[in-house]
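Starting from the known structure of chain A, fit chain B onto it as the hints suggest.
Number of protein chains: 2
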Amino acid sequence: MHDFTATYTDLYQINMAQVYFQQGKHEHKAVFDYFFRKLPFEGGYAVFAGLETLLEVLEDFKFSDDDLEFLKDQGLDSEFLNYLKGFRFEGNIISATEGDIVFPTRPVLQVEANMVEAQLIETILLNILNFQTLVATKASRIRKSAGEQMLIDFGMRRAQSTGAYHASRAAFIGGFEATSNVVAGKDFNIPISGTMAHSFVQSYDDELTAFRDFANSHPENTILLIDTYDTLKIGLPNAITVGKEMKSRGEELKGVRLDSGDLSYLAKKCRKAFDEAGLEHVKIAASNQLDEYVIRSLKEQKGPIDVFGVGTNLVIGDPDAALDGVYKLAFANDKPRIKLSENLAKLTLPHKKQVYRLRNSEGKLTGADAVTLRDETDIKHMNHPFDVSKSLSFKNCNEEALLHYVMKDGIRTEPPKRLEDIKVYSRKRLAEFSEEFQRFENPHLYKIGISDQLLKEREALRNHYKNKDA
Amino acid sequence: MHDFTATYTDLYQINMAQVYFQQGKHEHKAVFDYFFRKLPFEGGYAVFAGLETLLEVLEDFKFSDDDLEFLKDQGLDSEFLNYLKGFRFEGNIISATEGDIVFPTRPVLQVEANMVEAQLIETILLNILNFQTLVATKASRIRKSAGEQMLIDFGMRRAQSTGAYHASRAAFIGGFEATSNVVAGKDFNIPISGTMAHSFVQSYDDELTAFRDFANSHPENTILLIDTYDTLKIGLPNAITVGKEMKSRGEELKGVRLDSGDLSYLAKKCRKAFDEAGLEHVKIAASNQLDEYVIRSLKEQKGPIDVFGVGTNLVIGDPDAALDGVYKLAFANDKPRIKLSENLAKLTLPHKKQVYRLRNSEGKLTGADAVTLRDETDIKHMNHPFDVSKSLSFKNCNEEALLHYVMKDGIRTEPPKRLEDIKVYSRKRLAEFSEEFQRFENPHLYKIGISDQLLKEREALRNHYKNKDA
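These protein sequence lines are chains A and B, in that order. For the first sequence, position 238 matches number 237 in numbering that gives the first Met the number 0, and the numbering has no gaps at all. For the second sequence, position 409 matches number 408 in numbering that gives the first Met the number 0, and the numbering has no gaps at all.
One chain only, chain A, in its complex shape (with noise of 0.2 Å):
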């Protein structure tokens, strides 16, 4: 299940791409920048997630004759339709690893196409990362919560419609395990979990009479729900009942979920009338608008929980709820381009770039990415991008390159990768940073700096416009 068309776009990429076609602009290369300017949650980080989705939408990328049909009726030209009959995008994506530690400013992706392609792909791609790097960031500072604790995405029935399907995907990335949401499951292969809701309680006359059938019905998978009528006075003493009948079966009653009250008071309570009644082995689930800062207090009070679900604000990436990730246009018809701003941080960086990472020689990561022209080696001194007085020197730097060639001509230039191994990568890639970015409260900067060279570019573009309006 991926939904994605080639008229999952903004009207004015096609009244854009019309433009181009009749002047011949889709012979002309263009290079575009992704990049974000904030950082989601007050955080330290970001976690790139959504390029595995944005290569298949690529690779797929085409106008249905209903399309074009629809584009016709808006009075689009009959010309340019005929070529977005045959449409197929075969540029370059040149991008950070999925799952890598990303920040603002520095491109995180970059599109090679001719202008066509690269305006048309435009809306598609922004949505795909933006979203997905929005929930991957927030699943990561939940996990950073959590600790070893087991976390579950509950989300699906608050998540923005469909966007459901890739909040999943992206909150495995940034370090859950499991999820409710089955279709995503199926398609990601994620983990599935389900235990039960307040109405299959309801819908017996009795508490305990639900749970027999529960644990009748899928003895290797129950977790009680205890909160319907009372939990400790009732759900409690029902799920013990249970647990020990299971027990003499030689089944285990693998848990229970408490999705109200005190969650810390109540965990305890479970655990101690667990223990006392040789079920050692149940496991006490939580849920109930939970976010990093709750688990964080749950585990602060030493709550026995085992496994968190998180719905709501998980996927919904709350409370940013967007990344503000833009594309601009960095190189176009062999020259470089820009886009002035009164506001200085709105500036874009033109030319073809990379971005390195800067490591000592011990390979220990110095704190700062540099952004240089996309050729240039051996960079010694990197500058502010919108502060003119602040510049930085170093030597001695193993400088890693961050953006890669994933897409040449349309085609991936390797296989699709499995969600687990993103996963893993990006945890890998997120344990080299300190806990002092990393941390919750005013994270410690990572600095971003652009090499002597882009920024001599930049200032010519900048006065080159500036002479203009004179």
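No wet-lab data here; the hints were simulated from the structure. The structure displayed is predicted, hence computed values, not measured ones. By construction, the Cβ of each residue, glycine as well, lies at the ideal position given by its N, Cα and C atoms. Treat each hint with caution, since some may be false.
[Said to hold, decoys possible] Partial chain B-side listing against chain A, Cβ under 7 Å, derived:
hint, residue
1, Leu10
2, Asn14
3, Met15
4, Asn129
5, Gly162
6, His165
7, Gly193
8, His197
9, Gln201
10, Arg211
11, Asp212
12, Ile315
13, Leu328
Frame of chain A; chain B shown alone:
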């Protein structure tokens, strides 16, 4: 394009359904309520949206062979899976009319179906109705600020993955005139609109040529983006040049778009310059992080802006990004059902119910909806749902029943509605509510009461479970 399958659900629905099936509960009739507890955006009302999407999904609700194969691998029972093979939704939907103004606590929609049917559609129902109601409500607030000005949805690139699709639908219901979203325009017959991006201007060596090429390609629909280099010094003079050229050819420059800087100030400067150049017909469109508050401010400053393009804040329903709608069992196997909670406001309302909008003898709103048992009539007294000390008597009220059968035995009771008709209905319904309910700051509280009989039934059930644990 709609991408909901029967596996677009939480696993626990399927797990519970298996138990119901094994216990013969697929023969039991159940009634579930869909309602929410908190109005979004600290506002005074919500706009109900998503019903047509839901009905379309329910008509087509089935498990594919592929789905069943996957569920088999997950360890589900083969007899149950065999039952799912031929599964269709054959229940009833009793709902508020799409576009109506709705409030917390009272049922917005009820599902009457067998336990398996009702449980299996829970996730998809919540997912659809929660999100579209959120965005339609947001759109309605933005419409309130914008007054007669045109509103266009520009949010696709920051939407939550394919959530953009239904966001555009809901935005139209809430009061937007058009969208940039091509596929939503195509599928929902929403007018689509598009201007140009900065990249278009950047791809040229000079802005004037870019503008001219666009005007030649789209003479009927040229809206020039004038802030790529410098709005007043470069963009505006170039737009005037092109506007005059078009005029001399007997064409009309449709408008310009401002996407950065002080929108009110720039709009005034542009308006004056266009008027002085004899280009009074050129409209001014503005975009850039707009929402109902920014638009209100722009209107207060009398910025002569004709069109507002609203993106991120609309399509993600910022700042809430989720409506807290829930789906609770009210009746099963011939008995009313309740979910208790330490938090009184989380107590559910048992039984098959109806909701009445109370009007005075002239048909005007009295400011209250009453929730009653399904077949009660002649309500003269209602009670606060959670505060027993509060009640309200009334007489000579006209009771407008708000919930109607829209699906019986899995078949719609009437043909699909046109989106335009839903929107017109919604505007008409909202217009009945006075300014006090529509204001953004501390809006007037619309009252929800429950009838004496419903209160009695609820209290009887509460006591039943209270006595149980004694």
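Fill in: Restraint outcome when glycine 162 (chain B) is required to lie within 7 Å of chain A by C-beta distance
Glycine 162 (chain B) check passes; min Cβ-Cβ to chain A is 3 Å, inside 7 Å.
Worksheet item: Holds or violated: is the Cβ of glutamine 201 (chain B) closer than 7 Å to a Cβ in chain A?
Response: holds, 4 Å
Worksheet item: Are asparagine 129 (chain B) and chain A close enough, Cβ to Cβ, to be under 7 Å, as the hint says?
Response: holds, 6 Å
Fill in: Cut-off 7 Å, beta-carbon criterion: hint that leucine 328 (chain B) touches chain A
holds, 4 Å
Fill in: Interface hint outcome for histidine 197 (chain B) [beta carbon to chain A under 7 Å]
Given a least distance of 5 Å, the restraint on histidine 197 (chain B) holds.
Fill in: Restraint outcome when leucine 10 (chain B) is required to lie within 7 Å of chain A by C-beta distance
holds, 3 Å
Worksheet item: With 7 Å as the cut and Cβ atoms as the points, is arginine 211 (chain B) at the interface with chain A?
Response: violated, 10 Å
Worksheet item: Are histidine 165 (chain B) and chain A close enough, Cβ to Cβ, to be under 7 Å, as the hint says?
Response: holds, 4 Å
Discussion item. Next item in the hint list is glycine 193 (chain B). Is there a CB on chain A closer than 7 Å to its CB?
Written reply: holds, 3 Å
Worksheet entry | Agreement of hint methionine 15 (chain B) with chain A interface, Cβ distance less than 7 Å | This interface hint holds because 5 Å falls under the 7 Å limit.
Item to complete: Verify the interface restraint on asparagine 14 (chain B): the C-beta must sit less than 7 Å from at least one C-beta of chain A.
Response: With a closest approach of 5 Å, the asparagine 14 (chain B) hint holds.
Worksheet item: Taking the least C-beta to C-beta distance, is aspartate 212 (chain B) closer than 7 Å to chain A?
Response: Holds, because the Cβ-Cβ distance from aspartate 212 (chain B) to chain A comes to roughly 5 Å (cut-off 7 Å).
Hint compliance for this structure: hint 10 alone is broken.
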